[in-house]
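If you read the sequences in order, they're chains A and B. In this text, residue positions in the first sequence follow the working numbering: the first is 1, and each later residue adds one. In this text, residue positions in the second sequence follow the working numbering: the first is 1, and each later residue adds one.
What the hints contain is simulated information worked out from the structure, not anything from laboratory work. Any given hint could be a false lead.
[Stated by the list, open to error] Just the calculated beta-carbon pair ranges, DEER-fashion:
#1 251/B with 161/A: 30 to 40 Å
#2 53/B with 131/A: 47 to 57 Å
#3 256/A with 177/B: 53 to 63 Å
#4 254/A with 156/B: 52 to 62 Å
#5 105/A with 53/B: 49 to 59 Å
#6 15/A with 208/B: 51 to 61 Å
#7 102/A with 250/B: 42 to 52 Å
#8 256/A with 18/B: 53 to 63 Å
#9 30/A with 181/B: 51 to 61 Å
#10 91/A with 16/B: 15 to 25 Å
#11 18/B with 161/A: 31 to 41 Å
Each residue gets a CB set at the ideal place from its N, CA and C atoms; glycine is no exception.
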Amino acid sequence: MSPGAARRSRARDGFVPPIIAVPAVLGLALLVLPLAALVARVDWTTFWPDITSQPALDALRLSFVTGLIATVACTILGVPLALVIARSGARTAAVLRAIVTVPLVLPPMVGGIALLFLFGRRGWFGALGLQIPFTTTAVVIAQTFVALPFLVLALEGALRTSGVAFERTAAALGAGRWTILRRVTLPLAAPGLLAGVILCFARAIGEFGATALFAGNAPGVTQTMPLAIYTAFNGAGVPQGTAVALALLLLITAVAVLLLVRAWRPGTPR
Amino acid sequence: MTAVDGGLSARVRVERGGFRLDVALAADPGETVAVMGPSGAGKSTLLGALAGLVPLAGGEVRVGDRILDAAGGRGASGDAAGRGSSGDSAGRGGAGDAADGRTGDAADGRGASGDVAGGRGRAGRVRAGRAAAGRAAAGRVHVAPAARGVVLLGQEPRLFPHLTVRENVAFGPRAQGVPAVRARAEADEWLRRVGLPDRGGERPGELSGGQQQRVAVARALATGPEALLLDEPLTSLDPETAGGIRDVLRELLGTAVVATHDALDAVVLARRLVVVEDGRVVQSGPVREVLAAPATPYVAAIAGVNRVLGVARGGRWVRDGVVLEASDAASRAAAADDGVELVAIFSPSAARLVPLEALGTGAGDGATTVRRLDPTPAGVRVRTELCDVDIPVEDAAGLASGSPVGVRVAAADVRLRRAAQRIS
Chain A
1 MSPGAARRSR ARDGFVPPII AVPAVLGLAL LVLPLAALVA RVDWTTFWPD
51 ITSQPALDAL RLSFVTGLIA TVACTILGVP LALVIARSGA RTAAVLRAIV
101 TVPLVLPPMV GGIALLFLFG RRGWFGALGL QIPFTTTAVV IAQTFVALPF
151 LVLALEGALR TSGVAFERTA AALGAGRWTI LRRVTLPLAA PGLLAGVILC
201 FARAIGEFGA TALFAGNAPG VTQTMPLAIY TAFNGAGVPQ GTAVALALLL
251 LITAVAVLLL VRAWRPGTPR
Chain B
1 MTAVDGGLSA RVRVERGGFR LDVALAADPG ETVAVMGPSG AGKSTLLGAL
51 AGLVPLAGGE VRVGDRILDA AGGRGASGDA AGRGSSGDSA GRGGAGDAAD
101 GRTGDAADGR GASGDVAGGR GRAGRVRAGR AAAGRAAAGR VHVAPAARGV
151 VLLGQEPRLF PHLTVRENVA FGPRAQGVPA VRARAEADEW LRRVGLPDRG
201 GERPGELSGG QQQRVAVARA LATGPEALLL DEPLTSLDPE TAGGIRDVLR
251 ELLGTAVVAT HDALDAVVLA RRLVVVEDGR VVQSGPVREV LAAPATPYVA
301 AIAGVNRVLG VARGGRWVRD GVVLEASDAA SRAAAADDGV ELVAIFSPSA
351 ARLVPLEALG TGAGDGATTV RRLDPTPAGV RVRTELCDVD IPVEDAAGLA
401 SGSPVGVRVA AADVRLRRAA QRIS
C-alpha cells in the first residue's frame, strides 16, 4: 500500500475503537442469518409450481392489487397532508408529525382493532350501515392505515428541505399557486415523493396484523401473501412449500424496493 | 410602447420592530434608478415592499397606471417625503410626484430594451390594476407578487435546479400562458442576449456562478416585467464576472431599481441615485451629481472623496486654521455667507503631502498629523486628521501614525457645498 493510500484509508476510518467490530458483526449476523436460513429452506424443484399454485396466485394477485390501490390512496391523501405539515409552523408541524407517526410505532394489531371499532357493526361508521370489515376494501383500508406515515414523512422531509425560496422565485416570475405546486414544489421534492411511494407500497404488501384483525383471512378475498404464509404454517389451506416460496418472493420484493429507494435518494446524481 | 408602460413610482413606509423605513422613489419609463445605502439602511426592505413581499405600513406603489399597493388612510395621499433633498435637481423622488403618476420630463424613451419582450400577460395585469385602482378609493390595495409585473432579482440566482437552463428562462412566459414551444424559442433568444447561446440544454448546476446570474437576468427579463428590481445582483461575483454582467444589464435593463453597495453599479446602470440611510432618503439626484457633492459621510465614502466639515469665512472654507478655496461659481456661491457650515469636497488623489517646512500660509495648504496608513492596490492612503491623501508606496517611507505632515490641495480640485443642504 502506498503511503498516500494509507493516509486516505486512515482518514476515512476515523477514531472508532476497532473492538466494536465484534458486536457490529454479531448484529449483522442476527439480521442476515435468518434470511439465509429461509432461502436455504426453499425447495427449488417445486418453487415454480409452488408460486403458481392456485392459493399462491390468489394471494399474489390480491396483495398486488390491494397494495397498489392502497399506495394510490396514500398518494392522494398523503401528498396534501405532507404539504400541510411542511408549510405549517414549527409547533403545529410537530403535533401533526407525531399524529402521523403513531401508526408507524403502533403494533399493527392495535391498528386493526381500532379500525374494527370504527368500521365494525357497532362502530361509528358501521352504525351508518357501512359493511366494510372482512372485505377486500378492509384490506385496502388497513394497508393504507399502516403505509400512509411512510409516504407522508418521506415527502414532508423533502418538502421542508427544499424550502420556499424557489416557490417565492416562481411567484415573482408570475406563476400561480397550482403552477408552482406542479412545476416547482413537487418536482423539487420528487426524490422524497418517490422514496415515500416505494416504501409505502412495500409496507402495504407486507401488512399483516391490522389486516388479520380487520379484514380476516378469506382466500381470494382478504388473504394476502403475509396471511397466506401465516396460514400455511398453521397447517390449513396453503402448503408449507408454497408459504416458503411466497416468503422468498416478499423478501426479494423488499430488497428490490430498498435498491430502488437508494437509487432515488435525494441528492443522488442520476 | 404601450399605454401601461409608465415607469414606477412609490412611497414606501414599512415598520418592523424598531426599524422605520420611509422612502419615496420614482423611475421614469425605461429608466434605471440606483439605491445605495449602508447595510441595514433598508434597501432590501424597500425592494421587498416594491415586490409585494413586505407589507406597507403606509404609502403607495404604482407601476404605470396601476396601483399595486395602497396602505389606505394616512400616507396614501402622499405628502412629499423626499422633496427638497439636496442635489435632487431633477425634482423627482417626491411622493407628490407619485400621486399624479408622472413627472414632467418623463418622455425620455426606454433605452435599448423595453420593447423586446412583447406585451404578453399585460392585459391580465392591466385588468388586475384597474380593479385595484377601483378599490383604491375604498382604502387598502395589495396586488399579489405574482400579478404585479414586477420581478425581484436577488444576489442568489436561484435557478430551478430540476429544470434545464432553457426551461428556467421559459418558466415565466409559460406560467403566463405562452405555449411551450414559443416560450422555449424566446428563452433561447434571451440566452443569446445575455451571452449564453447554446447553453439552454444544460442544468443550472453545470454553470458557473456568473453564468447562473446571467441566466437569472434572462429569466427575469423574459417575463416582460414592467419594472425589474435588482437586489445587489453582482455582490457575490468576482469583479471581472460582475463587469460582464453589468454590461449585459446596461444593455437590457428597462424600468428598474437597483440596490447596490458598489458605486460602479450606480454609475454604469443608473441615471439617478437615491441614497438611503437609516430608513430615509438622505440624498437623491443624477448619479454623477450625487457622487460629486456627497451630502453625508457615507456618500463621500462610496464616492471615494474627502468630505470635510468647516465654516465659510470670506468666501473660503476654514477649519482649525486650514483655509481652502475653490474656483468654481457654485462653490463661491455656497461660501458667500460667513459663518455657514461648509463641506469641502476633494479627491484623495487630488491632495498631496508636502514637507511642513515647504508649507505655505495661503489657501490650500494645511498642517495636520497622520492617523493611519492604509495600503491600497495603487499605493497608500494616508488618513490624516484633516483628510485622506493617496500617495505612491515609495513616498510613504518614514510616515507613521502621529507623524506631522503638510497637505496641499489646489483650488481647482476643491468644491464647496453648504453642509446644511443635507436633509435628515
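Checked hints:
1. 251/B with 161/A: 30 to 40 Å: Once the Cβ atoms are compared, 38 Å apart, the range 30 to 40 Å for residue 161/A and residue 251/B holds.
2. 53/B with 131/A: 47 to 57 Å: holds (53 Å)
3. 256/A with 177/B: 53 to 63 Å: violated (42 Å)
4. 254/A with 156/B: 52 to 62 Å: violated (41 Å)
5. 105/A with 53/B: 49 to 59 Å: With a Cβ separation near 40 Å, residue 105/A and residue 53/B fall outside 49 to 59 Å, so the hint is violated.
6. 15/A with 208/B: 51 to 61 Å: At 38 Å between Cβs, range violated.
7. 102/A with 250/B: 42 to 52 Å: violated (60 Å)
8. 256/A with 18/B: 53 to 63 Å: holds (59 Å)
9. 30/A with 181/B: 51 to 61 Å: Since residue 30/A and residue 181/B have Cβ atoms about 59 Å apart, the given range 51 to 61 Å holds.
10. 91/A with 16/B: 15 to 25 Å: holds (23 Å)
11. 18/B with 161/A: 31 to 41 Å: For residue 18/B and residue 161/A the Cβ distance comes to about 33 Å; the hint holds.
Hints 3, 4, 5, 6 and 7 from the list above are not met by this structure, while the remaining hints are.
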